[in-house]
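Novice: From first to last, the protein sequence lines are chains H and A. First residue of the first sequence? That's 5 in the working numbering, and the numbers climb one at a time after it. First residue of the second sequence? That's 403 in the working numbering, and the numbers climb one at a time after it.
Worth flagging that the hints you see were computed from the coordinates, not collected in a lab. Don't take every hint at face value.
Below, simulated DMTMM-like cross-link-like pairs (lysine to aspartate or glutamate); rule was C-alpha separation at most 25 Å, straight line [stated by the list, open to error]:
1) A:K421 x H:E306
2) H:K59 x A:E551
3) H:K241 x H:D207
4) A:K541 x H:D332
5) H:K241 x A:D480
6) A:K421 x H:D332
7) H:K63 x A:E543
8) H:K223 x A:E551
9) H:K59 x H:E37
10) A:K540 x A:E526
11) H:K59 x A:E543
12) A:K465 x A:E448
13) A:K421 x H:E94
14) A:K421 x A:E432
15) H:K241 x A:E428
16) A:K465 x H:E218
17) A:K548 x H:D332
18) H:K59 x H:E243
19) H:K223 x H:D332
20) H:K55 x A:E448
21) A:K548 x A:E526
22) A:K409 x A:E428
23) A:K540 x A:D494
24) A:K465 x A:D480
25) H:K55 x A:E463
26) H:K223 x A:E411
27) H:K33 x H:D332
28) H:K63 x A:E428
29) H:K47 x A:E526
30) A:K465 x H:E79
31) H:K59 x A:E463
32) A:K465 x H:E94
33) A:K421 x H:E355
34) H:K241 x A:E543
35) A:K421 x A:D494
36) A:K409 x A:E440
37) H:K55 x A:E551
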Amino acid sequence: MIYSRERLHSQNTHLSWGPSDPLLPGVFKLFAETEGDLIRSAKIETGFLHKGLEKCSEKRNWFTSMVSIDRIEPETPLFTELAFCIAVEEICNIQVPRRAQTIRLILCELGRVGSHLNFLSRLAIATGFETVSHYIFRERELILDLFELMTGRRFNPNFFRFGGVAADITEGFIERIHETTRLIEIRLREYHALMIENRAFVDRLAWQGILSTELAQFKGLTGPSARASGLRYDVRKAEPYSGYEQFDFRVPLGMGSRGTTGDGFDRVMVRLEEIRESLLLLSHAVDAVPAGDFLALHTQFEFAVPAGEAYSRVESPRGMLACHVVSDGGFHPVRVQWRTPSASNIEIIPEILRGATLQDLPVVLSSFNLSMAEVDR
Amino acid sequence: MTARLKKFESVFNQDSQTKNFGRSEETMLEVSSARMIEAAAWLRMEETFRMDILENMSIYEAKGRFFLSYFLRSTSQDTTLVLRTSIPVPQDSGIANHPSVEGIWPHAGVFESEQGPLFGVTFENGNKNPSIIRSLWKKGEYPLRKSYEWTNKGSEHDL
Numbered sequence: 005m006i007y008s009r010e011r012l013h014s015q016n017t018h019l020s021w022g023p024s025d026p027l028l029p030g031v032f033k034l035f036a037e038t039e040g041d042l043i044r045s046a047k048i049e050t051g052f053l054h055k056g057l058e059k060c061s062e063k064r065n066w067f068t069s070m071v072s073i074d075r076i077e078p079e080t081p082l083f084t085e086l087a088f089c090i091a092v093e094e095i096c097n098i099q100v101p102r103r104a105q106t107i108r109l110i111l112c113e114l115g116r117v118g119s120h121l122n123f124l125s126r127l128a129i130a131t132g133f134e135t136v137s138h139y140i141f142r143e144r145e146l147i148l149d150l151f152e153l154m155t156g157r158r159f160n161p162n163f164f165r166f167g168g169v170a171a172d173i174t175e176g177f178i179e180r181i182h183e184t185t186r187l188i189e190i191r192l193r194e195y196h197a198l199m200i201e202n203r204a205f206v207d208r209l210a211w212q213g214i215l216s217t218e219l220a221q222f223k224g225l226t227g228p229s230a231r232a233s234g235l236r237y238d239v240r241k242a243e244p245y246s247g248y249e250q251f252d253f254r255v256p257l258g259m260g261s262r263g264t265t266g267d268g269f270d271r272v273m274v275r276l277e278e279i280r281e282s283l284l285l286l287s288h289a290v291d292a293v294p295a296g297d298f299l300a301l302h303t304q305f306e307f308a309v310p311a312g313e314a315y316s317r318v319e320s321p322r323g324m325l326a327c328h329v330v331s332d333g334g335f336h337p338v339r340v341q342w343r344t345p346s347a348s349n350i351e352i353i354p355e356i357l358r359g360a361t362l363q364d365l366p367v368v369l370s371s372f373n374l375s376m377a378e379v380d381r
Numbered sequence: 403m404t405a406r407l408k409k410f411e412s413v414f415n416q417d418s419q420t421k422n423f424g425r426s427e428e429t430m431l432e433v434s435s436a437r438m439i440e441a442a443a444w445l446r447m448e449e450t451f452r453m454d455i456l457e458n459m460s461i462y463e464a465k466g467r468f469f470l471s472y473f474l475r476s477t478s479q480d481t482t483l484v485l486r487t488s489i490p491v492p493q494d495s496g497i498a499n500h501p502s503v504e505g506i507w508p509h510a511g512v513f514e515s516e517q518g519p520l521f522g523v524t525f526e527n528g529n530k531n532p533s534i535i536r537s538l539w540k541k542g543e544y545p546l547r548k549s550y551e552w553t554n555k556g557s558e559h560d561l
């Protein structure tokens, strides 16, 4: 409810946070005009951590570009690697072996589970459920252990190659995935009891930061935040890649189960359901890894890509990640341009904050799961 | 060629060209910069296209020109296409001007305000999103242009 200024006995106040502030989910500036504790208008300013990674790709050769591409979103680097590989493979007309495609799918779904767990953990801190956040990090560690087992690295794996992946499946990896998916499935029920069935948690998120389907579409939102508002778009279903068409999985949508469709609670529920779907997908995929090669060709430093261009889309944990690659036939890319989901999704923040109260600010911002590394790439 | 693409060519006959985008089967419509806004508005409104989502906008420099690619998607027709135009790269670190498509796709401001300062392209009538990107380089320096001198020296903002 918005009270009149006379009733509140207050005047407009201009507040600003950032660029570095624990209230914010990353490095950006937030300006708000408030009346009492109500936010009348808000605007954001970004660019404080601009890393020039698109330019870095132009200065490196095709092979070593992957190093800077890993840094675009350090939490989920395999999605940027995949988008870049798909685009280059299209220009070079490289057929990726089915075994390599399935390995890529498995690692990406592990990355999705890890990213959504991280989101739940951050949201638990924002809502005052810090104990739960520690429990969730325990499962996130299991995902990182699996990355280490398969790629040799917990972060920035630099594992995908043009035409496949860098190595075949490590011994014991499939068994560990089965164990981990079963364990996370059990722990999800615990989190459900601790958070979703806790009235204090529900009250912090239901009816908060409501995003309508029309506004989500108007602002070009993608990913779980858009699907929570009822926008049924998932690149894995709309334009399947890397063998997703072979597997049956559900795309969860916001149902307004505790508040209304598109509120903060729906954004949590959609991600929780996506974790479950990814776990199911993982358990099917690891049992269906086809025999064959894991790499179509061995690229070297002097690898040249024929003149041409390609555009690839993948569904990252935050939404549609797209990559436009241009080559002039040389050893370096002419252009590697990224469309990252957070750079688009952050535009909704001023609209969403209008009418919110100051105490809801961290919760509303956290519920969108923005990554400033993606925005300032 | 489908009937709807023929319709597009009949309207923008002299100023457009239809191609495949790269190796893909995705359609790319190349339009002269003078009729770019008209073509964008036509694709947004025309019943057989209804390209209601601007998925991405990308600029790259080649052969002395900036190539602007608009990656479009239609939710009603369930199709995608690429709209492309090109403008010459200005001499002597000048600024290039191009009309903004924010009036057609409100979401365009995200891409225009990000890539505009890095290439030195001003999008006329665009609603500038606040970003400090444009203040990170000296006047006349545009890092994504091919003429930009890449050095190992840090910028004046580095500590």
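Novice: Checking one constraint from the list: CA of A:K421 to CA of H:E94, max 25 Å. Satisfied?
Specialist: holds, 17 Å
Novice: Taking 25 Å as the top limit, are the C-alpha atoms of H:K63 and A:E428 close enough?
Specialist: Roughly 29 Å separates the two Cα atoms, so the pair is violated.
Novice: Can you confirm whether the C-alpha distance between A:K541 and H:D332 stays at or below 25 Å?
Specialist: violated, 29 Å
Novice: What's the verdict on H:K241 and A:E428, does the C-alpha distance respect the 25 Å limit or exceed it?
Specialist: Distance ~18 Å between H:K241 and A:E428 Cα, so the pair holds.
Novice: For H:K63 and A:E543, compute the direct alpha-carbon distance and say whether it is at most 25 Å.
Specialist: holds, 17 Å
Novice: Check the hint pairing H:K33 with H:D332 against an upper bound of 25 Å on the C-alpha distance.
Specialist: violated, 39 Å
Novice: Quickly compare the C-alpha distance for H:K55 and A:E463 to 25 Å and report which way the hint goes.
Specialist: holds, 20 Å
Novice: Are A:K540 and A:E526 close enough, with their CA atoms no more than 25 Å apart?
Specialist: holds, 22 Å
Novice: Within 25 Å, alpha carbon to alpha carbon, are A:K540 and A:D494?
Specialist: With Cα atoms ~14 Å apart, A:K540 and A:D494 stay inside 25 Å; holds.
Novice: Taking 25 Å as the top limit, are the C-alpha atoms of A:K548 and A:E526 close enough?
Specialist: holds, 23 Å
Novice: Holds or violated: A:K465 with A:E448, Cα cutoff 25 Å?
Specialist: violated, 33 Å
Novice: With the threshold set at 25 Å, check whether the alpha-carbon distance from A:K421 to H:E306 stays at or below it.
Specialist: Given pair A:K421, H:E306 is violated - Cα atoms ~31 Å apart, limit 25 Å.
The structure fails hints 1, 3, 4, 8, 9, 12, 16, 18, 19, 20, 24, 26, 27, 28, 30, 33, 34 and 35 (numbered hints given earlier, in ascending order).
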